[in-house]
Amino acid sequence: NAGVTQTPKFRVLKTGQSMTLLCAQDMNHEYMYWYRQDPGMGLRLIHYSVGEGTTAKGEVPDGYNVSRLKKQNFLLGLESAAPSQTSVYFCASDNMGDGVYYTEAFFGQGTRLTVV
Amino acid sequence: AQKITQTQPGMFVQEKEAVTLDCTYDTSDQSYGLFWYKQPSSGEMIFLIYQGSYDEQNATEGRYSLNFQKARKSANLVISASQLGDSAMYFCAMRDSQAEYGNKLVFGAGTILRVKS
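So the sequence lines, in the order shown, correspond to chains G and Z.
Just so you know, the first sequence maps onto residues 7 to 122 in our numbering.
Just so you know, the second sequence maps onto residues 1249 to 1365 in our numbering.
Do not rely on the hints blindly, as some may be mistaken.
[Unchecked claim] Sample of chain Z residues at the chain G side, in silico, Cβ under 8 Å:
| hint | residue |
| --- | --- |
| 1 | Phe1295 |
| 2 | Gly1300 |
| 3 | Phe1316 |
| 4 | Arg1320 |
| 5 | Val1326 |
| 6 | Ala1329 |
| 7 | Asn1351 |
[As the list claims (entries may be wrong)] With a straight-line Cα cutoff of 20 Å, these simulated SDA-like cross-link-like pairs (lysine to any residue) come out:
| hint | chain 1 | residue 1 | chain 2 | residue 2 |
| --- | --- | --- | --- | --- |
| 8 | Z | Lys1321 | G | Ala8 |
| 9 | G | Lys15 | Z | Gly1291 |
| 10 | G | Lys20 | G | Tyr107 |
| 11 | G | Lys20 | G | Ala8 |
| 12 | Z | Lys1251 | G | Pro14 |
| 13 | Z | Lys1264 | Z | Gly1333 |
| 14 | G | Lys15 | Z | Lys1321 |
| 15 | Z | Lys1364 | Z | Val1326 |
| 16 | Z | Lys1318 | G | Tyr107 |
| 17 | Z | Lys1251 | G | Asn79 |
| 18 | G | Lys15 | Z | Lys1318 |
| 19 | Z | Lys1318 | Z | Tyr1298 |
| 20 | G | Lys20 | G | Asn101 |
| 21 | G | Lys15 | Z | Gly1333 |
| 22 | Z | Lys1251 | Z | Gly1291 |
| 23 | G | Lys15 | Z | Ser1289 |
| 24 | G | Lys76 | G | Arg50 |
| 25 | Z | Lys1251 | G | Val66 |
| 26 | Z | Lys1251 | G | Pro67 |
| 27 | G | Lys63 | Z | Lys1251 |
| 28 | Z | Lys1251 | G | Lys76 |
| 29 | Z | Lys1321 | Z | Glu1292 |
If you are wondering where the hints come from, they were derived from the structure by calculation, not from laboratory data.
Note that beta-carbon positions come from the ideal geometry of N, C-alpha and C, so glycine has one too.
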């Protein structure tokens, strides 16, 4: 059982380049999330999805786009990378629970992105 | 809007002693869930413990317990008998239904815990 898998694990981009981060989960989870982690700021939510074909903005969506064409995959795109997007990116997934009990989220191993 | 506050950027604790990591949250929803995650230096996110807003008893998982004070909107993590392997970053997180679209999981800034031998 792979859980949540992110690719790639590391990447170096030049300013202005584009790239896509892939997140895949095999737990049939409805919810998927993309976070970025920066020192002193915790995990900040970029975008999330509540089901196949849906996406929504999180706290820091600018400069990123996402797509959820298949339930198991959640893609994060950087159209024109900037040095401010240097960060560690985490994907996570969970189920919505029943509104009273919420389920834990499962995380990928992270992608370390450097924009030079 | 959801907000999670962890006021302790870093903490030290002596091995075998107990330590409390603070977390306060802000929500107007009655139904929400609170989580604690551990992130060791290797980087992975490890789920530790969950507390539901309707749970009357504090959650416990082995050496971890959650001191839930609903009226104060606090959900502090207590680690008993600290071990060297507890040295890590600890994140408090919350899900509620206040999001504009569905509900979402948001995190605090984290607390770095260092266990001294």
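Checked hints:
no.	hint	verdict
1	Phe1295	holds (4 Å)
2	Gly1300	holds (6 Å)
3	Phe1316	violated (14 Å)
4	Arg1320	violated (21 Å)
5	Val1326	violated (19 Å)
6	Ala1329	violated (24 Å)
7	Asn1351	holds (7 Å)
8	Z/Lys1321 - G/Ala8	violated (36 Å)
9	G/Lys15 - Z/Gly1291	holds (12 Å)
10	G/Lys20 - G/Tyr107	violated (44 Å)
11	G/Lys20 - G/Ala8	violated (31 Å)
12	Z/Lys1251 - G/Pro14	violated (31 Å)
13	Z/Lys1264 - Z/Gly1333	holds (11 Å)
14	G/Lys15 - Z/Lys1321	violated (37 Å)
15	Z/Lys1364 - Z/Val1326	holds (17 Å)
16	Z/Lys1318 - G/Tyr107	holds (16 Å)
17	Z/Lys1251 - G/Asn79	violated (28 Å)
18	G/Lys15 - Z/Lys1318	violated (39 Å)
19	Z/Lys1318 - Z/Tyr1298	holds (14 Å)
20	G/Lys20 - G/Asn101	violated (36 Å)
21	G/Lys15 - Z/Gly1333	violated (25 Å)
22	Z/Lys1251 - Z/Gly1291	violated (24 Å)
23	G/Lys15 - Z/Ser1289	holds (16 Å)
24	G/Lys76 - G/Arg50	violated (24 Å)
25	Z/Lys1251 - G/Val66	holds (14 Å)
26	Z/Lys1251 - G/Pro67	holds (17 Å)
27	G/Lys63 - Z/Lys1251	holds (16 Å)
28	Z/Lys1251 - G/Lys76	violated (31 Å)
29	Z/Lys1321 - Z/Glu1292	violated (28 Å)
Violated hints for the displayed structure, listed by number in ascending order: 3, 4, 5, 6, 8, 10, 11, 12, 14, 17, 18, 20, 21, 22, 24, 28, 29.
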